[in-house]
Amino acid sequence: MNGGVTYALVAIFGLAVLFDYINGFHDTANAIATSVSTRALRPSYAILLSAVANFVGALTGTEVAATIGSGIVTTPSGGHGQVIIAGALVGGIVWNLLTWRLGLPSSSSHALIGGLVGATLAASGAAAVHVEAIVTKVILPLVGSPIIGLLGALALMVVLLNVFRHSNPHRINDRFRRLQLLSAAFMAFSHGSNDAQKTMGIMTAALVTAGLLPSFRVPIWVIVLAAGAISLGTAAGGWRIIRTMGQRVVRLDPIHGFAAETTAATVILTASHLGMPVSTTHVVSGAIMGSGASDHFSSVRWGLAGNIVWAWILTIPASAAVAAVAWTAIHAVTGM
Numbered sequence: 000m001n002g003g004v005t006y007a008l009v010a011i012f013g014l015a016v017l018f019d020y021i022n023g024f025h026d027t028a029n030a031i032a033t034s035v036s037t038r039a040l041r042p043s044y045a046i047l048l049s050a051v052a053n054f055v056g057a058l059t060g061t062e063v064a065a066t067i068g069s070g071i072v073t074t075p076s077g078g079h080g081q082v083i084i085a086g087a088l089v090g091g092i093v094w095n096l097l098t099w100r101l102g103l104p105s106s107s108s109h110a111l112i113g114g115l116v117g118a119t120l121a122a123s124g125a126a127a128v129h130v131e132a133i134v135t136k137v138i139l140p141l142v143g144s145p146i147i148g149l150l151g152a153l154a155l156m157v158v159l160l161n162v163f164r165h166s167n168p169h170r171i172n173d174r175f176r177r178l179q180l181l182s183a184a185f186m187a188f189s190h191g192s193n194d195a196q197k198t199m200g201i202m203t204a205a206l207v208t209a210g211l212l213p214s215f216r217v218p219i220w221v222i223v224l225a226a227g228a229i230s231l232g233t234a235a236g237g238w239r240i241i242r243t244m245g246q247r248v249v250r251l252d253p254i255h256g257f258a259a260e261t262t263a264a265t266v267i268l269t270a271s272h273l274g275m276p277v278s279t280t281h282v283v284s285g286a287i288m289g290s291g292a293s294d295h296f297s298s299v300r301w302g303l304a305g306n307i308v309w310a311w312i313l314t315i316p317a318s319a320a321v322a323a324v325a326w327t328a329i330h331a332v333t334g335m
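So in numbering that gives the first Met the number 0, spot 254 of the sequence shown is number 253, and the numbers just go up one at a time.
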């Protein structure tokens, strides 16, 4: 491995850890917004619980890592491949920071995927992009997961409301406020099982292109590094997005929060086992809207929800464009 590739690998790991950390505080709201808004957990306790559960969830598999690292684009070996990966990370980081600043719960997952596609298109052309895999592993889950989250949470709320229709509302709120301790932990665990793997995939792809790994197989130290970075980011919090997810989309009671978290976590964990890098933000947003709509359809602030949807739609092409520009700049400077 020559010196240029070595320096590029170090830079990539630095960018990957930074992306993972940003992903953590950007997506903290996914795991704890409902628990904080329903006052089931104090913010500091909720963030600590989320950080620990994220770390544990990140250790549970590598199926999503394989999809990100080797399933959606073909990355050439050597310095050329290193620059593509660096450009992809820059695209994801820039979009994450922008949407965090605006308080929009966009998808870190699809920012990274958009970055990979954009940098690869700029460097190697359309032939290096696996269109079929992107459709089946990215686009279909992108569209389907929030719908499943919305309908699943709505259905669960209908069941819960019918089961407890004769119960005292104050008592039910107290019970579900305590149950949210479990559903919030489940949500954070599922978040780690999906989101942390994406950075593992990028790191492992970088090791393969550098010639340090003969084939795509995630080393244990990469798993621990990615899990640690996303957990530290989670501990840093993401209060702008927490406020959007937990308070501005719909007013939640503990029973709604429990239904939203349980449904979203189930969808995300299932996707993780299938190797689908779904957006935890999409799924949780859909589940929150579904649980809120169970009372009155008008109780959901659909105008704000529409703004969130536009952020979803723009994420992949916007991050792809940034990554293409980043690849062009890095390639011009390094000559790789």
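These are calculated hints, taken from the structure and not from any lab test. A hint or two may mislead.
As the list claims (entries may be wrong) - Simulated DEER-style distance windows between Cβ atoms:
| id | residue 1 | residue 2 | range |
| --- | --- | --- | --- |
| 1 | ASN161 | ALA127 | 51 to 61 Å |
| 2 | THR333 | ALA154 | 50 to 60 Å |
| 3 | VAL9 | SER214 | 41 to 51 Å |
| 4 | LEU160 | ALA328 | 36 to 46 Å |
| 5 | ALA331 | LEU180 | 19 to 29 Å |
Backbone N, C-alpha and C define an ideal beta-carbon position, used for all residues, glycine too.
Hint check for SER214 and VAL9 - Cβ pair distance inside 41 to 51 Å | Given about 22 Å between the Cβ atoms, the range is violated.
Do the Cβ positions of ALA331 and LEU180 conform to the proposed distance bound of 19 to 29 Å?
-> Since ALA331 and LEU180 have Cβ atoms about 52 Å apart, the given range 19 to 29 Å is violated.
ALA127 and ASN161 - C-beta distance against the hinted 51 to 61 Å = Because 52 Å falls inside the window, the suggested range holds.
Beta-carbon spacing of LEU160 to ALA328 - inside the hinted bounds 36 to 46 Å or not | Once the Cβ atoms are compared, 55 Å apart, the range 36 to 46 Å for ALA328 and LEU160 is violated.
Verdict for THR333, ALA154 (Cβ pair) under range 50 to 60 Å | holds, 53 Å
Violated hints, listed in ascending order, are 3, 4, 5; each of the other numbered hints is respected by the structure.
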